[in-house]
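K.L.:
Listed here are the chains, written in short residue letters.
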Amino acid sequence: MMKLPDIARLACLLSFLACLPLFALPAWAEGWQPAQLMELLAQKKTGKATFTEKKTIGILDQPVVSSGKLSFTAPDKLEKITLTPQRESLLLDGDTLTIERQGKQPMTVNIKNHPEAAMFIESIRGTLAGDLSALERFYRVELSGAPDHWQLKLTPRQEDAGTVFSSIRIAGSQADVKTIHLEQRDGDQSVMTITPIPGQ
Amino acid sequence: MKPGIRHLPVALWLAAMLACVLVIANTRFVSDLSAFMPRSPSERQQLLIDQLRDGALARLIMIGIEGGDAGERARLSRELGVKLRASGLFVGIQNGDAAMEQRDRLYFFDNRYLLAPDLAAADFTVDGLHAAISDSITALAGDAGLFLKKIFPRDPTGQTLQLLEQFVGKSMPHSEHGAWASVDGQRAVLLAYTRAPGTDTRAQAEAIDAIRQTFAQLPERQADTRILLSGTSVFSVQSRNTIEGEVSKLASASLLLVASLLLLVYRSPRLLALGLLPVLTGALTGIAAVSLSFGQVHGLTLGFGTTLIGEAVDYSIYFYLQRAGQLNQKHFWRTVWLGVSTSIAGFSVLLFSGFPGLAQLGVYSVCGLIAAVLATRYLLPTLLPQQLDLRDLHRFGLAFDGLLNRTARLRWLPLLFAVIAAAVIVQHRGQIWNRNLATLSPISKADQQLDLKLRNDLGAPDLRFMLAFAAPSEELALQGAEKAGAVLRELTQQKLIAGFDSPAFALPSQAAQRARQHSIPDADEMRRRLPQALAGLPVGSDKLQAFLADLQAARDRAPLLRADLDGTSAALLVDSLLFKRSNDTLVLILLRTQDSSADRPLDIDRVQAALEKTGLPHLVVIDLLEESTNLFDDYRHEIFVLAALGCLVICVLLLFALRSAARMLRVTVPLFCAIACVTAVLLASGAQLTILHLVSLLLVVAIGSNYALFFESGGGSDTPEERRRMQVSLVVATTCIIGSFGILALSNIPVLSSIGSTVGLGALFAFVFSMFLSRRVAA
Chain L
914 MMKLPDIARL ACLLSFLACL PLFALPAWAE GWQPAQLMEL LAQKKTGKAT FTEKKTIGIL
974 DQPVVSSGKL SFTAPDKLEK ITLTPQRESL LLDGDTLTIE RQGKQPMTVN IKNHPEAAMF
1034 IESIRGTLAG DLSALERFYR VELSGAPDHW QLKLTPRQED AGTVFSSIRI AGSQADVKTI
1094 HLEQRDGDQS VMTITPIPGQ
Chain B
177 MKPGIRHLPV ALWLAAMLAC VLVIANTRFV SDLSAFMPRS PSERQQLLID QLRDGALARL
237 IMIGIEGGDA GERARLSREL GVKLRASGLF VGIQNGDAAM EQRDRLYFFD NRYLLAPDLA
297 AADFTVDGLH AAISDSITAL AGDAGLFLKK IFPRDPTGQT LQLLEQFVGK SMPHSEHGAW
357 ASVDGQRAVL LAYTRAPGTD TRAQAEAIDA IRQTFAQLPE RQADTRILLS GTSVFSVQSR
417 NTIEGEVSKL ASASLLLVAS LLLLVYRSPR LLALGLLPVL TGALTGIAAV SLSFGQVHGL
477 TLGFGTTLIG EAVDYSIYFY LQRAGQLNQK HFWRTVWLGV STSIAGFSVL LFSGFPGLAQ
537 LGVYSVCGLI AAVLATRYLL PTLLPQQLDL RDLHRFGLAF DGLLNRTARL RWLPLLFAVI
597 AAAVIVQHRG QIWNRNLATL SPISKADQQL DLKLRNDLGA PDLRFMLAFA APSEELALQG
657 AEKAGAVLRE LTQQKLIAGF DSPAFALPSQ AAQRARQHSI PDADEMRRRL PQALAGLPVG
717 SDKLQAFLAD LQAARDRAPL LRADLDGTSA ALLVDSLLFK RSNDTLVLIL LRTQDSSADR
777 PLDIDRVQAA LEKTGLPHLV VIDLLEESTN LFDDYRHEIF VLAALGCLVI CVLLLFALRS
837 AARMLRVTVP LFCAIACVTA VLLASGAQLT ILHLVSLLLV VAIGSNYALF FESGGGSDTP
897 EERRRMQVSL VVATTCIIGS FGILALSNIP VLSSIGSTVG LGALFAFVFS MFLSRRVAA
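Protein sequences, first through last, are from chains L and B. For the first sequence, my numbering assigns the number 914 to the initial residue and increments by one for each residue that follows. For the second sequence, my numbering assigns the number 177 to the initial residue and increments by one for each residue that follows.
Keep in mind that the hints are not guaranteed to be accurate.
Partner residues are not named here, just some residues of chain L that face chain B (Cβ under 10 Å, in silico) [claimed, not checked]:
id: 1; residue: L973
id: 2; residue: D989
id: 3; residue: V1104
No more than 20 Å apart at the CA atoms, straight line, and that leaves these computed lysine to any residue pairs for SDA-like [as the list claims (entries may be wrong)]:
id: 4; chain 1: L; residue 1: K967; chain 2: B; residue 2: T314
id: 5; chain 1: L; residue 1: K1017; chain 2: B; residue 2: D718
id: 6; chain 1: L; residue 1: K1017; chain 2: B; residue 2: L337
id: 7; chain 1: L; residue 1: K1017; chain 2: B; residue 2: Q770
id: 8; chain 1: B; residue 1: K326; chain 2: B; residue 2: Q669
id: 9; chain 1: L; residue 1: K1091; chain 2: B; residue 2: Q669
id: 10; chain 1: B; residue 1: K326; chain 2: L; residue 2: V1104
It is worth saying that the hints were derived from the structure and are not from the lab. Bear in mind the structure is a predicted one, so any value in this text is a computation, not a measurement. Just so you know, even glycine gets a beta-carbon here, dropped at the ideal spot from N, CA and C.
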């Protein structure tokens, strides 16, 4: 009944969504156009990986590090399980995000209820679905580097819509996503290093 | 006869009617469910009644906006919200408004140290601070880290997140374009809480009008957009209007029908008007009697009671038609009095009902019938012309008599029907009764569906489980809520409940707030402790100065009062759960269940037992759904017993009056057959019986007993001529009853249509069966 402070959920959502695109990068095709990249992204159906995430936060004297597992099932199911320093799990299934933290009751939010997040996730989904036009509605998309060392940079188009992030950079080599680099407007950043689990 | 004596009945009647009109003019008419609530309720029932009448539910109006596109609906929702908030008629309007959400956030964040449920001095020791801050740093590494860092400098111990924990598990509406929307996105939805109590139907009507008018006047509104309203108060206002509208519409229709029919027979408007006098007399006397004995009259009593009085029209029919011949006055009136007595015997058992609605019906019918028959007996003869020039129904009488004689052989037929009916009833056993209290509400099915739809859209509060207790003052009430809250937190951890909503979440008791303030060390002490607490952590105390400032502000400020909540949705939480009553304060705490779809999602006895240790007096845990179902069962059981008693009383009365068991059976058996058949037809057509059906069956007995008695007594004379006359009068009377109740059966208010079909059908059965079984076969 009460609309409650739910920024925490929103934040979980945003940081979580940031790792969506990484699984979707298949073997590289010739040519180096976002459109072709998108086409390939749409073909990747499942993926599993481990991650290490290092957050550099201005208020803290040193970065904080977490690690865990990721798994993705096309078209819209993504799971992020953090194992250290504290167990947490995020499961996005369609529009429903379920957040579980150690010792707490799970909570479920509908991402549609958070317009900023919804915009964000729709854009990411655009990436996964290979829908470049949807992506370009919200972001400027830049692709650079070479197949062995590529970088996809997403910059929010609207000033206010980007609120949290100033840019999202996804780097990889061939079909492997190596890092996701989130940069926040206040200069804080998070770098997630991803190692695909072999055989996936 | 001297003129003075001749006019005495008229004068007495006029005086009595004047008195009745005066009483009625000062009568309060009510139309809520109160009539169906017991007169001496248990503690839990009282709670149920209070909630239905004036709980959060009773003040809640659900609003839907349809048409246009999603953006337009959201805009209308926002503008409607702004205007309605400004109207002052509402405690609050919720529509997902960003400004209110912002205020909510600020309220909980800014006051986190006063609101924190278990803030203690230990939290501010060097060790306590160290543990809490290092937990927060761990959280910064987690998924929510990039958000939490924003509040970390002011809230490094994670107090805000602990507060949020209390609200986990609440469902919230979806949001589109910055306003709440239905799941399918086709409607914008809002919640309004009226300032006026739910019992104040007039103020509720004003609030509802205000919503409609404000919406209608919103600037640049697209023409195809429309507003939908639902909720208890909408229902009670609407049902008052619908009942009034429907009753008057149906009453005029059936009056018209009966009047045309009688006019056909009487051939004189004057006779017709005089013939309706007993009905009028009975209705006025009945209402006045109810008003005098109960202080108010329920709308349904009015509607239903007036149909009971419909029996009175029969008296004048019998009187006219049978008087037209050489009436054996003594014999005729004896039969009429006996008929009235059986009706009264049947209805008088209602007087003993523990439910005011039924007792009101009892008073209404008993007093109304007596008045009606007195008017027929003493008023009509003085006003009627000496010679009645009625339509000659002689030939019809002969034909009908012939038909009756031929059917005399088929006496076994009603009994056969009754046996078949009994078989049908037995076949439906276990699903005979409708146990839902809502079936008594005069709300159309369409409106009930709309209500359900909006309720789902809004994820509107499921107010099924709650606990309640009273305390002498608001402060003590909140302290009690905190005590209960401590136990409920344990139950939440044990997963017995999924969570709870307490007014103390948003407005803690002054005592608790002071204790929390007291647990915060002073500024110098905190400045000394913090650096020690931060030893070994990757954050310096220079970065946490805002934390120290916030702590001191919380420590030094005046404790929060209700007024501090204004403009937040937390105000609604408090207002809907904390009720000031004349001499105490009632506290409600809503319990959320793990799985609300389960048949019995919560073991309230376990919750109650766990809460006993709080020592709060008169603490009650209640399942409103179960309570209302139980109440309904009680109600049904009671009327069932009363109806059976009524039948018994009627049998005994007839046994004494007729001085013969055989004659008594000849009168009563057709009635019982009729009841069995109506019940069977209703069940076979898929209906489930409610108490109103039972009351209707009682009316069938009352009306049918007249038919049976007249058939049995031969109409006051043994001459075939008189008997035929009597039979014709019964045909006319039955046609009137069936016609008027048949019209009632067409009503789209479920309550009225069930009465109509039961009585209409019952009267038909009773007439036909009496014709077969009660009538003396001509020698």
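K.L.:
Run every hint past the structure and note whether it holds.
P.N.:
Against the structure, the hints:
| no. | hint | in the structure |
| --- | --- | --- |
| 1 | L973 | 5 Å, holds |
| 2 | D989 | 18 Å, violated |
| 3 | V1104 | 12 Å, violated |
| 4 | L:K967 with B:T314 | 12 Å, holds |
| 5 | L:K1017 with B:D718 | 32 Å, violated |
| 6 | L:K1017 with B:L337 | 11 Å, holds |
| 7 | L:K1017 with B:Q770 | 14 Å, holds |
| 8 | B:K326 with B:Q669 | 29 Å, violated |
| 9 | L:K1091 with B:Q669 | 41 Å, violated |
| 10 | B:K326 with L:V1104 | 18 Å, holds |
The structure is inconsistent with the numbered hints 2, 3, 5, 8 and 9, although it conforms to all the rest.
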